[in-house]
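Starting from the known structure of chain P, arrange chain E on it as the hints suggest.
Chains as they are written, first to last, in the numbering used here: chain P, 1 to 80; chain E, 1 to 133.
Careful, some of the hints might be misleading.
Here are the simulated lysine to aspartate or glutamate pairs, DMTMM-like style, with alpha carbons at most 20 Å apart [claimed, not checked]:
no.	chain 1	residue 1	chain 2	residue 2
1	E	K123	P	D61
2	P	K58	E	E85
3	P	K58	E	D51
4	E	K123	E	D107
5	P	K58	E	E58
6	E	K123	P	D74
7	E	K121	P	E8
8	P	K58	E	E54
9	E	K96	E	D70
10	P	K58	E	E13
11	E	K121	E	D53
12	E	K121	P	D61
13	P	K58	E	D53
14	E	K25	E	D62
15	E	K121	P	D66
16	E	K25	P	D74
17	P	K58	E	D23
18	E	K96	E	E13
19	E	K25	P	E45
20	E	K25	E	E85
21	E	K121	P	D74
22	E	K123	E	E13
23	E	K123	E	E54
24	E	K123	P	D66
25	E	K121	E	D70
26	E	K123	P	E65
27	E	K121	P	E64
28	E	K123	P	E45
29	P	K58	P	D74
If you're looking for bench data, these hints aren't it; they were derived computationally from the structure.
Given next are the chains, with one letter for each unit.
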Amino acid sequence: MRSVSSAEAARTFGAIREEVVTPGAEPVTVTHYNIPQVVVISFLEYRDLVRRSRFAGKVADLPEEDLAFLSTIDRRNARP
Amino acid sequence: MDGLPDGAVVRFEYEWGSGNEDDYKLRPCAIIIRGNGPSVFFFPISHSLPDGDEVALEIPIDARAAAGLDAFPQWLIVSRCNRVEWPGGVRNIQGKTTPLYGTLPTDFVDVFRSALAAVVKQKLLRSKDRLPP
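Next comes chain P alone, as it looks inside the complex (with noise of 0.2 Å):
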């Protein structure tokens, strides 16, 4: 993954931009003092990520495990 340091990247942020948003391209990570900060990535990668990692519909749509795991819900207490 390429990498600039966060003076590079306030300088050149049009050309980062256009990077990431070019489909199959890397993410840019952003440092600052050599540490690994910020990573820029396309707005459809980051959706893509975030959807890969969840479930997101209507409850009778989630898988079986979960389905029976809310089916006792409410003979569970809420209260600590």
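Quick look at chain E alone, frame taken from chain P:
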């Protein structure tokens, strides 16, 4: 879970599940249930009266106040959720260093749990009905 109780209302990047690119919205969501391991179920809170096929509970005014929500009518949607690994999608409230708006009262959380269990049981019953004899 950083000490957040069930019923905590946090700012969360909620995905409605329509598949559209603009499906995301930062909105108050209730953490009602912590799943097995790091999984957490987030249920959306909306100012809009839900569609006919959605199941939702109107949040009473005192519960809205306890949860840090505004005074306008709001609904907690029972029939939709996001399940993520904590703290994925949780975002700080603008201008603050915490995502936490407040916490729903436990009696309302209990009502929600019963409504959710009913939605799930209905689904499980329908699935059973479709099984071959």
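Hint check results:
no.	hint	verdict
1	E/K123 - P/D61	holds (9 Å)
2	P/K58 - E/E85	holds (18 Å)
3	P/K58 - E/D51	holds (13 Å)
4	E/K123 - E/D107	violated (25 Å)
5	P/K58 - E/E58	holds (18 Å)
6	E/K123 - P/D74	holds (16 Å)
7	E/K121 - P/E8	violated (56 Å)
8	P/K58 - E/E54	holds (9 Å)
9	E/K96 - E/D70	holds (17 Å)
10	P/K58 - E/E13	holds (16 Å)
11	E/K121 - E/D53	holds (16 Å)
12	E/K121 - P/D61	holds (13 Å)
13	P/K58 - E/D53	holds (11 Å)
14	E/K25 - E/D62	violated (25 Å)
15	E/K121 - P/D66	holds (12 Å)
16	E/K25 - P/D74	violated (29 Å)
17	P/K58 - E/D23	holds (14 Å)
18	E/K96 - E/E13	holds (16 Å)
19	E/K25 - P/E45	holds (17 Å)
20	E/K25 - E/E85	holds (18 Å)
21	E/K121 - P/D74	holds (11 Å)
22	E/K123 - E/E13	violated (26 Å)
23	E/K123 - E/E54	holds (13 Å)
24	E/K123 - P/D66	holds (12 Å)
25	E/K121 - E/D70	violated (32 Å)
26	E/K123 - P/E65	holds (13 Å)
27	E/K121 - P/E64	holds (12 Å)
28	E/K123 - P/E45	violated (33 Å)
29	P/K58 - P/D74	holds (19 Å)
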